[in-house]
Amino acid sequence: VRLAELRDCFQGVIPSILATASADGEPNVTYISQVHYVDEAHVALSCQFFNKTRRNIAENPRATVNVYHPVTLDAWRLRLRFDHSETEGLLFEKMALRIQVIASHTGMSGVFRLISADVFDVLELERIDGFLLPAETAVAPTAAASDAHAQGPLTELRGLQVVSERIARAADLDGLLTDTLAALDDLLGFSHTMVLVPADCPDRFVAIASRGYEEGIGAEVALGEGIIGTAADRRRMIRLSSVGAELRYGRAIRSRVEEHGHADQLAPEIPLPGLPDAQAQLALPLLAGERLIGVLAVESRDPLCFDEWDEAFLQIVANQIAIAIDRMQSTEEETAAATLGRRTRKIVYYRNDDCVFADGEYLVRNVPAKILWKVLRQHQRDGQIEFTNRELRLDPSLGLPPLKDNLESRLILLRKRLSDKCPDIRIVPVRRGRFALQLDCDVELTEKECG
Amino acid sequence: VISAELKAFLESGISVLIGTRDRDAVPECARAVGARVDAGGDELTVFLPEATSAACLEHLRANGRIAVCVSRPADHRSIQIKGRAHSIRRASAEERAFVERYVAALARTLTFVGLPERLTLRIAHWPCQAVSVRVESLYLQTPGPEAGTPLPAARAEAGS
Chain A
950 VRLAELRDCF QGVIPSILAT ASADGEPNVT YISQVHYVDE AHVALSCQFF NKTRRNIAEN
1010 PRATVNVYHP VTLDAWRLRL RFDHSETEGL LFEKMALRIQ VIASHTGMSG VFRLISADVF
1070 DVLELERIDG FLLPAETAVA PTAAASDAHA QGPLTELRGL QVVSERIARA ADLDGLLTDT
1130 LAALDDLLGF SHTMVLVPAD CPDRFVAIAS RGYEEGIGAE VALGEGIIGT AADRRRMIRL
1190 SSVGAELRYG RAIRSRVEEH GHADQLAPEI PLPGLPDAQA QLALPLLAGE RLIGVLAVES
1250 RDPLCFDEWD EAFLQIVANQ IAIAIDRMQS TEEETAAATL GRRTRKIVYY RNDDCVFADG
1310 EYLVRNVPAK ILWKVLRQHQ RDGQIEFTNR ELRLDPSLGL PPLKDNLESR LILLRKRLSD
1370 KCPDIRIVPV RRGRFALQLD CDVELTEKEC G
Chain B
7 VISAELKAFL ESGISVLIGT RDRDAVPECA RAVGARVDAG GDELTVFLPE ATSAACLEHL
67 RANGRIAVCV SRPADHRSIQ IKGRAHSIRR ASAEERAFVE RYVAALARTL TFVGLPERLT
127 LRIAHWPCQA VSVRVESLYL QTPGPEAGTP LPAARAEAGS
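Protein chains in written order, with this note's numbering: chain A, 950 to 1400; chain B, 7 to 166.
Chain B on its own, in the form it takes in the complex:
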């Protein structure tokens, strides 16, 4: 579902947010510390810091429904991914390096919008849980009149 171009975008150290909900449809959000595209574009693994994602992780274990918003701070280019979490586990030591690279890249990106690295490098990121998500749909979310429309480009490229 996720094209190579989109994969590069998702893994480029940009902001990753997740949304979940409890059994009463009360929503919850958290900031993830990295996203990795797996299984040839059908799966996304998001890394959620244990310190700040307890409620989201609980929701995901209960119902699996997840929204992921990836957004580039410099120009607000944003994609919303909807899917189901099917596996939740503590991130491995080898994934820690990926997460740390992500946080460093995010911190660097955020300096361009005025946030100092001395703060952004401190965003809680370890220990974290790796959540594997089966991707169901993609939407354009860059702010504007077309926000919320299904992403046609990604679908067209899905077969490639």
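Chain A with its partners taken away, still in its complex shape:
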């Protein structure tokens, strides 16, 4: 038997058993919520507290774990030898994320956390024969349970094609999300889904589309809270199987912390958004470049609903949704900018330094700065739009030399600086010796001495 074949036993649906022994031979036995598959020769166990198990392993690296198949209840024994602890890196991150989700759900962020991912060599793997007595009656497997997977990746690829097509053709955001979530349900059997986007107040996310819930739209989650908030915060996909079992475990720790007078360290437990009896959850961040566009959340009452294939597959859908939302939002923004309010630029001229700042950022200095200031002031005073080179030359306050003043090259510099830093303020040549001021924004002018 390959270790990978026991992956279902490692989902945490049925807690595993771990035995260790101290150097002087005192055995210890405990439940552990999860065994993590690392590779064919290694598993990792999470260390959340410095407890007896941890002390034993430090003294005596041998350990034995029994794991159970969540559907058949077949039992397996793994003989282990402690190899090393990891406190950073991919494995640690992955295990820590899972614990963080449970911790935040149960209001224990910071109290309940991963100390280390303890990696063990798997020395031996054997089935525990006779753990179950023979069944009096053979129980027929339910047909629906494994239907989608039985049809294999081709069906899912076709489903993906349809989902992708609906995303590509969507006319607006509402249609995009509604159609996509409907396609995920109809074609791929993900019947409880939500898309959350950043809410108006910072660090909160709000559901703007949902499928399979009586009330879903408007549900809010804070950044870092629960599986959705954690996926948003860490920008990583998170899968939780057996949510019920993990939450019971989290609540057990919470009540111990409370009983020991540390209740003040705990935040209130937050209800799971979505299904009250969800057994498996998957949250995928929607990323466009570096920007977090939102979160796609998928839930199920079946604790083993999601596997790695679903992760890979939904990640593709999530990426497409992210790009589509981003595209629609930027189109919306452009339209909004054109029709609705103009922005106001705060332009500050520092008299004794001859320099101009736009919105607190340095724009230009010396003669080009004086030219820009003059032009903006005159425009503000009497609405003047067109200016001649001649009137600039005649203005003694600009301090242009009488000969070889290089006015043209200074105007070019000003034009370049503006197009780089303030593209909504433009100086456009109209005909020989003349230029026009074009404003796509409002300007607020302030003159200051610098200190």
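The set of hints was computed from the structure by calculation and includes no laboratory data. These figures come from a predicted structure and were not determined experimentally. Incorrect hints may appear among the rest.
To be verified - Straight-line Cα separation of at most 25 Å, SDA-like style, residue types lysine to any residue; simulated pairs:
| hint | chain 1 | residue 1 | chain 2 | residue 2 |
| --- | --- | --- | --- | --- |
| 1 | B | Lys13 | A | Ser1204 |
| 2 | B | Lys88 | A | Arg1030 |
| 3 | A | Lys1370 | A | Ser1358 |
| 4 | B | Lys88 | A | Arg1026 |
| 5 | B | Lys88 | A | Asp973 |
Said to hold, decoys possible - Have a look at the derived ranges for each label pair, beta carbon to beta carbon:
| hint | chain 1 | residue 1 | chain 2 | residue 2 | range |
| --- | --- | --- | --- | --- | --- |
| 6 | B | Arg107 | A | Ile1064 | 39 to 45 Å |
| 7 | A | Gln1110 | B | Gly120 | 47 to 53 Å |
| 8 | B | Ala99 | A | Gly1210 | 45 to 51 Å |
| 9 | B | Gly120 | A | Lys1043 | 20 to 26 Å |
| 10 | A | Leu1106 | B | Arg102 | 54 to 60 Å |
Stated by the list, open to error - To list a few chain B residues with every Cβ distance to chain A over 12 Å, as calculated:
| hint | residue |
| --- | --- |
| 11 | Arg29 |
| 12 | Arg67 |
| 13 | Arg71 |
| 14 | Ala80 |
Ideal placement from N, C-alpha and C gives every residue a C-beta, glycine not left out.
Fit chain B to the supplied structure of chain A, relying on the hints for placement.
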């Protein structure tokens, strides 16, 4: 050592695990099918199915050292008991009824955490060995920061 309250908890049909070790301190674990408090709280009898506890029974015959973890699946309330096995014998016919009641109670408890009785009622439980353990110490094992601390309540009540 074991208080009346704890006795009721231990015998309430909750999960019982045992840990042993061989002469090289290599540990082994198994699921027991019942625990009974005897001798006014100084002794615990655990029932180990022969089908799945062969290695543990061999260790117990060799060195007697045993850890017992009793845990309630619904809220993870857990106690760890350390002790020495001093007698190991095949469970009697009259104890079989106790064991069967235990398995039925455990199966019922496990339905609340999503395990169907059609599976849990099949957990190997007969024939089994009755292992008598002299209790040496008790520890709190409910997951959390205090896990692993000696159980003060039980000690305070030990004299009562």
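Taking each numbered hint in turn, which are not upheld by the structure, reported in ascending numerical order? 7, 11, 13 and 14
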